[in-house]
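Read in order, the letters of the sequence shown correspond to residues 1 to 791 in our numbering.
In case anyone wonders, no lab produced these hints; they're calculated from the structure.
Mixed in with the good hints there might be a few duds.
What the hints assert, rightly or not - Quick list of simulated restraints, FRET-style, between CB atoms:
{"#": "1", "residue 1": "Glu230", "residue 2": "Glu397", "range": "24 to 30 Å"}
{"#": "2", "residue 1": "Asp378", "residue 2": "Arg546", "range": "43 to 49 Å"}
{"#": "3", "residue 1": "Gly313", "residue 2": "Lys221", "range": "20 to 26 Å"}
{"#": "4", "residue 1": "Leu143", "residue 2": "Glu230", "range": "23 to 29 Å"}
{"#": "5", "residue 1": "Glu372", "residue 2": "Arg281", "range": "32 to 38 Å"}
{"#": "6", "residue 1": "Ala157", "residue 2": "Glu397", "range": "31 to 37 Å"}
{"#": "7", "residue 1": "Arg161", "residue 2": "Pro350", "range": "22 to 28 Å"}
Values in this document were obtained by computation on a predicted structure and should not be read as measured data.
The C-beta atom is built at its ideal place from N, Cα and C for all residues, glycine as well.
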Amino acid sequence: MDRIAPAPDHTAEPLRLKSLGDAVLLHPDGSEAIRPSKPLALLTYLHCAPGRTASRDHLCSLLWSDSAPRHAMGSLRTALHRLNSLLGLPAVEGNGTAVSLRIRLTGDRDEFLAALDQGDFATAVTLYQGPFFPEYGDPGTALFEQWADGERARLRALFVRAAEALIRESLDAAHFRDAVRQARHLHTLAPNDETGWRLLLGSLLLARDDLGARAEAELFKAWLDHEGHEPEPATRRLMDRIRDGGAAAEPDTPNQVGLVAELIGRERPFAAALELWDEVRRGHSRHLHISAPAGIGKTRFLTDLAHRLSAGGARVVSVRANVGERTLDYATAADLARSLASLPGAKGLPARTAGILISLQPALATTFAAAEPVTSPDPLLPRAQAIAELIATVADEAPVALVIDDVHWLDPASRHILRSAAGRLDRGQVLLITAGRPPETALPTSVPSRILTLDPLTLPQVEAFLGSAAELPAEPWVATLVAALHHATGGSPLVLLETLALIRERGIADLADGVWTCPDPAALATQLDVADATAERIRALDQESRHLTQFLAVAGTPLTCDDLASLIARPPDAVETALVALERRGLATMAGQRWSPAHDEIADTVLGMMTAPELHALNRALGRHWASEPTRSPDAIPRAVRHLAAAGAEADLVPLFRRWIASHDPGERSARTLAAALLGEWATPERLARLEASVSRPAHGAPWRRIAAVAVVLLAGAGVFFRDRAGADRLPPDEELLAVVTEGEQASLIGVPIDAGTWPKGESLRIDGGRRVGRWTADHTVDRPAMSADG
Numbered sequence: 001m002d003r004i005a006p007a008p009d010h011t012a013e014p015l016r017l018k019s020l021g022d023a024v025l026l027h028p029d030g031s032e033a034i035r036p037s038k039p040l041a042l043l044t045y046l047h048c049a050p051g052r053t054a055s056r057d058h059l060c061s062l063l064w065s066d067s068a069p070r071h072a073m074g075s076l077r078t079a080l081h082r083l084n085s086l087l088g089l090p091a092v093e094g095n096g097t098a099v100s101l102r103i104r105l106t107g108d109r110d111e112f113l114a115a116l117d118q119g120d121f122a123t124a125v126t127l128y129q130g131p132f133f134p135e136y137g138d139p140g141t142a143l144f145e146q147w148a149d150g151e152r153a154r155l156r157a158l159f160v161r162a163a164e165a166l167i168r169e170s171l172d173a174a175h176f177r178d179a180v181r182q183a184r185h186l187h188t189l190a191p192n193d194e195t196g197w198r199l200l201l202g203s204l205l206l207a208r209d210d211l212g213a214r215a216e217a218e219l220f221k222a223w224l225d226h227e228g229h230e231p232e233p234a235t236r237r238l239m240d241r242i243r244d245g246g247a248a249a250e251p252d253t254p255n256q257v258g259l260v261a262e263l264i265g266r267e268r269p270f271a272a273a274l275e276l277w278d279e280v281r282r283g284h285s286r287h288l289h290i291s292a293p294a295g296i297g298k299t300r301f302l303t304d305l306a307h308r309l310s311a312g313g314a315r316v317v318s319v320r321a322n323v324g325e326r327t328l329d330y331a332t333a334a335d336l337a338r339s340l341a342s343l344p345g346a347k348g349l350p351a352r353t354a355g356i357l358i359s360l361q362p363a364l365a366t367t368f369a370a371a372e373p374v375t376s377p378d379p380l381l382p383r384a385q386a387i388a389e390l391i392a393t394v395a396d397e398a399p400v401a402l403v404i405d406d407v408h409w410l411d412p413a414s415r416h417i418l419r420s421a422a423g424r425l426d427r428g429q430v431l432l433i434t435a436g437r438p439p440e441t442a443l444p445t446s447v448p449s450r451i452l453t454l455d456p457l458t459l460p461q462v463e464a465f466l467g468s469a470a471e472l473p474a475e476p477w478v479a480t481l482v483a484a485l486h487h488a489t490g491g492s493p494l495v496l497l498e499t500l501a502l503i504r505e506r507g508i509a510d511l512a513d514g515v516w517t518c519p520d521p522a523a524l525a526t527q528l529d530v531a532d533a534t535a536e537r538i539r540a541l542d543q544e545s546r547h548l549t550q551f552l553a554v555a556g557t558p559l560t561c562d563d564l565a566s567l568i569a570r571p572p573d574a575v576e577t578a579l580v581a582l583e584r585r586g587l588a589t590m591a592g593q594r595w596s597p598a599h600d601e602i603a604d605t606v607l608g609m610m611t612a613p614e615l616h617a618l619n620r621a622l623g624r625h626w627a628s629e630p631t632r633s634p635d636a637i638p639r640a641v642r643h644l645a646a647a648g649a650e651a652d653l654v655p656l657f658r659r660w661i662a663s664h665d666p667g668e669r670s671a672r673t674l675a676a677a678l679l680g681e682w683a684t685p686e687r688l689a690r691l692e693a694s695v696s697r698p699a700h701g702a703p704w705r706r707i708a709a710v711a712v713v714l715l716a717g718a719g720v721f722f723r724d725r726a727g728a729d730r731l732p733p734d735e736e737l738l739a740v741v742t743e744g745e746q747a748s749l750i751g752v753p754i755d756a757g758t759w760p761k762g763e764s765l766r767i768d769g770g771r772r773v774g775r776w777t778a779d780h781t782v783d784r785p786a787m788s789a790d791g
């Protein structure tokens with residue numbers, strides 16, 4: 001090979017070779033120097049070749065394989081001369097058997113590879129605008145086309161890996177809309193790559209764009225059918241999830257619609273949670289506690305985190321303690337048992353453990369069909385052990401992320417069970433994630449625990465929050481809007497959404513084609529002085545919608561559409577339509593088939609706007625609703641009692657207490673103890689005494705049983721006893737009638753004051769409301785008696 005002279009030092013600005021998505025050589029001013037042709041193909045090949053040098057023979061076979069060697073050499077000399085003439089520079093030089101590129105060029109291919117080497121995936125993805133040297137073919141260029149095909153495939157594979165890394169960075173930071181944009185770019189430039197399809201579908205789900213996910217899934221299915229291709233298991237699981245309803249079908253997960261912004265200002269705790277999950281996948285259990293006041297975004301954070309973990313193939317169980325269930329023992333623990341039992345591996349539990357879980361959550365009888373319920377006088381400890389064993393069993397199958405929201409609302413029994421389970425996390429691969437309001441603290445665990453605090457949004461974060469929902473135009477009012485929103489909302493994401501929803505509903509600011517608009521900045525500034533945007537929005541509701549929000553708030557626990565239809569005496573279809581409208585306004589949310597206020601703060605606002613008579617009326621309606629079908633849920637009577645007590649409906653409490661006692665084994669507990677457990681926070685001395693008296697039982701049952709039998713016989717024959725014997729045809733003045741009344745296996749001796757002057761002869765005397773003299777257990781039942789005046 002002949003020696004090549006050193007390259008000249010060109011100080012002028014270099015030309016640019018564009019080869020990704022197009023093939024063109026550009027002058028420094030951006031004008032075209034050479035379009036696709038054999039000279040450009042020659043220049044591109046030399047630019048990519050090692051040392052930017054190639055032999056003449058190789059170049060001839062590469063670009064002129066259809067010509068005889070002598071003619072091919074002549075064509076090569078002509079192409080070299082043309083290149084130098086077009087560029088006005090000694091661009092290429094050939095001496096003897098070698099040809100070298102002697103001009104300094106910049107190129108998008110080189111910059112793309114350099115960005116990858118530096119780990120700058122964002123720059124690399126931006127530089128890749130399409131296939132390398134696309135759509136080129138000339139006679140005799142078959143070998144060049146084969147080389148270009150190989151380079152094209154290599155660069156496309158590098159682009160796919162870079163885009164995947166960039167998308168996962170966005171997903172890990174909970175920037176789901178950025179991930180969607182990046183996934184669409186990947187899919188556009190690599191339409192036949194299954195990874196691109198899968199990332200696009202997963203990003204759309206995480207961004208809560210179920211409609212977009214379903215549309216893309218249909219296109220993907222058509223592509224699979226056309227290619228005769230079977231999807232990978234991870235892709236198939238994603239398709240199944242989209243088919244089953246997408247993000248809206250996630251259990252215990254609020255379905256957010258309408259204005260939804262990115263999870264701004266939560267990137268570091270989000271990344272920390274994902275780091276802990278990586279540690280769990282390496283075989284170590286961990287605990288993460290999220291602490292934040294109401295309205296700061298705990299539930300949104302947990303929801304997005306659960307979606308992100310699920311999208312990565314994790315098994316996630318999410319439960320939430322409800323404010324209305326904080327006095328119902330085992331309410332959250334029962335939900336936790338049901339969710340965990342649905343995971344693979346749960347059926348491997350021993351029969352006794354499964355039986356204990358069935359006694360905790362009767363719905364598990366179908367899951368553990370071979371087990372029988374196992375009861376215990378004091379079930380707390382065995383149930384805690386059973387939950388811990390269930391967690392360990394399913395975690396032994398594969399790592400599990402266990403997400404428990406609003407732990408400040410945990411009922412005492414569920415709190416004990418959760419603390420017990422947290423103390424045994426070292427038995428499996430578990431990431432336990434809890435969230436609560438201060439001063440709620442992290443649970444004591446047997447594994448490393450980390451506490452993360454979510455803070456209000458800063459001024460720049462409020463601006464980013466707005467920008468993630470829609471584009472902010474470069475107009476003066478935007479700075480005023482951001483500052484006013486930050487001041488009015490205190491950086492609370494919930495209040496920020498509420499305030500934005502209010503000003504949008506009033507037409508003061510809105511979205512148009514993905515851009516924020518504000519036709520009246522002066523009105524906007526005035527509107528942001530409103531202290532409570534949520535209250536203003538609730539006042540603007542029609543009567544039926546406002547009534548639904550009131551029932552949801554007072555219930556304190558999710559209600560079905562049928563529940564609400566019964567409560568407001570409206571057809572279920574009409575109620576569902578109203579609920580969906582409330583959901584779109586961000587005031588209500590549906591998890592599974594049950595509805596609740598979109599946030600605790602919304603419920604608190606609704607409750608604060610109600611008068612005492614309104615609260616009593618709704619509590620009474622809810623109590624009677626739950627009492628109407630007590631067999632449909634083991635918690636129906638406790639729920640009914642709570643609402644009736646709040647309404648002051650004392651007359652309704654006694655029969656409910658009797659029914660509850662009849663369906664429970666009291667063991668050694670007294671009636672007062674049972675009444676206190678049922679009433680919870682609504683227990684007062686007067687109520688306890690009233691309920692105790694309604695079912696009181698003396699300590700020595702057998703003698704009283706014999707006395708009751710005698711009394712019943714006497715009552716059946718004569719009906720009454722008089723304290724002093726009187727004539728049969730007239731009544732003594734100021735006497736007391738003693739009567740025996742039986743109810744089931746209970747009997748009472750009732751003393752009723754009578755007066756001959758107020759009890760006309762021949763009329764019946766009802767003994768309701770008399771003074772209870774004694775109570776005992778009887779073996780017989782008689783109807784409540786009535787006594788005529790003549791005996």
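A quick look at each hint next to the structure:
no., hint, result
1, Glu230 x Glu397: 24 to 30 Å, "holds (26 Å)"
2, Asp378 x Arg546: 43 to 49 Å, "holds (45 Å)"
3, Gly313 x Lys221: 20 to 26 Å, "holds (21 Å)"
4, Leu143 x Glu230: 23 to 29 Å, "violated (35 Å)"
5, Glu372 x Arg281: 32 to 38 Å, "holds (37 Å)"
6, Ala157 x Glu397: 31 to 37 Å, "holds (34 Å)"
7, Arg161 x Pro350: 22 to 28 Å, "violated (47 Å)"
Consistency note: the structure conflicts with the earlier hints numbered 4 and 7.
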